[in-house]
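**Q** Below, each chain spelled out in residue letters.
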Amino acid sequence: MRMQSTASNNVIISPNSKQFFRRLKEQKYLYMMVIPGVIWMIIFNYIPMYGIIIAFKDYNIISSFFEAPWVGFKHFLDFFRDDWFPIIMKNTVGISLLKLIFGFPLPIIFALFLNEIQNSTFKRTVQTISYLPHFLSWVVLGGILITWLSESGMINELLVNMGILDKPVAFLGEPKYFWWIATISDIWKGLGWNSIIYLAAISGVDVELYESAIVDGAGRFRRMWSITLPSISGTIAILFILAVSGLLNSNFDQILVLRNPLNAPSSEVIDIFVYRMGIQSARFSYATAVGLFKSVIALMLLLLANWVTRKLTGKSLF
Amino acid sequence: MRRKFLARRTKGEVVFDIVNTIIMIVICFMMLYPVWYTLVNSLNDGTDAMLGGIYWWPRVFSLDSYKAVFADSKIFRAFGVSFFRTIIGTTVHVFFTSMVAYGLSKKYLMGRKYFMAMGTITLFFSGGLIPTFLLYRSLGLLDRFAVYIIPAMFNFYNLLIFQAFFREIPDALEESAKIDGANDFYIFFKIIIPLSKPVLATIALFTGVYHWNDYFAGVIFINNPDLQPIQTFLYRVIAETTSVQMLQNMPAGIRTTSVTSQTIRLATMIVTTVPVVCVYPFLQKYFVKGMLLGSIKG
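Chains as they are written, first to last, in full-length UniProt numbering: chain A, 1 to 318; chain B, 1 to 298.
Hints listed in this document are in silico derivations from the structure and should not be mistaken for laboratory results. Among the hints, a few may not be true.
Restricting the straight-line Cα-Cα distance to at most 25 Å, the calculated cross-link-like pairs of lysine to any residue (SDA-like) are [unchecked claim]:
no., chain 1, residue 1, chain 2, residue 2
1, A, K28, B, F79
2, B, K178, A, Y29
3, B, K197, B, Y280
4, B, K197, A, S203
5, B, K106, B, A182
6, B, K113, A, L299
7, A, K25, B, I191
8, B, K67, B, F79
9, B, K11, A, E208
10, B, K113, A, I35
11, B, K285, B, R167
12, B, K197, B, S176
13, B, K197, B, F166
14, B, K67, B, V274
15, A, K311, B, L123
16, A, K294, A, F102
17, A, K315, A, G219
18, B, K285, A, F104
Covered stretches of chain B, as calculated for chain A (at least 3 residues, CB under 8 Å) [claimed, not checked]:
no., region
19, 22-32
20, 56-68
21, 105-114
22, 123-137
23, 160-166
24, 188-196
Glycine residues also receive a C-beta, built at the ideal position from the N, C-alpha and C atoms.
So here's chain A without its partners, still in its complex pose (with noise of 0.2 Å):
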């Protein structure tokens, strides 16, 4: 309509408040569709952002949320002299950069090969196969790796038949490999979901590239490293700033599958350790203050490895 269009030309709004009911009349469908959004968000995401303050405070169930007393940073400081502190952010630390280092390049690895199939009809039956383990629960995939890690598993079965081993391991109870394990069955759950970013921003490489590159001779290899990988860098920046953001951010679900109380010594992270205190135990201000202890520390990577990569590479977030 004649008045949407000039109303979309008016960017500032106007101080006239008769003007404001009158945009505000004529676009009270469109706020019927935002406002129950807004409320939503409100609710869902903003009260409990505004309930962090229970970690400043001494809240308990019989306390009300107003009334408990305010004890600063205590919490905090209990957080930072409890026994578990240094393991479980050796933990969470330890997981997530052993999912960064070999999680992170691997689909990008993935992606450059599938790239270079040449039969397309081979090329997406490995692509939808590649799909399949994240469409798995963590559950099922949990329920999976304790079979076959048990004393008498697959693995043991097959790594005593050949000699490796002696006599079974029971590889989830003992500490030294949960790291590993969590690291390994991430990778396997992703690798697929996660090339397709890539592999997308490969597609939309210019061919031409490739066929003077051809012309002047270059092989696969070197086509690989100097037309394609520089072609999806900004796609590579991107996906490394959020996963560094996201370090302190175990998998939940993975790891409270996997986790039993013979590992705990490798497999308690932060988010575990806010479930068990806040949950299990009912702590709750102390549990939230090691929440946003997490949260902050999130935020600070995310902001520093934006900073970072624009400096290295120009490309960044925001």
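Got chain A sorted already, so can you dock chain B onto it with the hints?
**A** Relative to chain A, chain B alone:
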């Protein structure tokens, strides 16, 4: 385009292609095998399966584990919860998020900038588990079926995917409908929705898979065993090994050695996995597009 260069592949390129193909086949095998292993073991006689060594094919074929799964009223109920949660949760999410996305996609909407900023903040910061739990408690959502639906009915990231799609729809279509006197709701339902099937399918798939595979909500917010979805049920079975009790609940006819807690577990895993695995290959072109729309904005 690149095909014409195939004719003059060098020897090195041929070797590369062969090795590359083999690597891809190995990767496919690694992706498929865990599910295959689960399938053949669940189709094997339980006691026999305990001896191990079933890698490729059932040794003593038996459907008893599946009969036990479907005969168990608790499992059946949990499947029902998962089913309704997925259907209702996905429908509500797709409808609600796309509607808000459409309203917010109008550049001339007053206050749009502030609403978008509000949403963008939620992508990077959240209250965390405990404040969320306390909110649900005070809203009376704990131990209610609604806890699966209402907190999951909106997602700002999906809103951005919807908006990226809506932007591609030519404005002329809406303009002409407006001249005919249609209001925004009419335009949204009669013009935008029918044109947006690809993005609706994408978000429906993402949301549907989330609802079907999620066990977290059932562990944290639900105590009533009648309300737990199948993934939470499986989690408890795996974590707490209650499958011994399941064995006792079985009909007398098959309560023999043909079924063990292990094969029941595997059979339940297969039954939960089959619906998703049957659906996703057909929606592949949609979710690839959805991932892209998301990454442009993200």
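**Q** Which of the numbered hints are not met once you compare them with the structure shown?
**A** 1, 17, 20, 23 and 24
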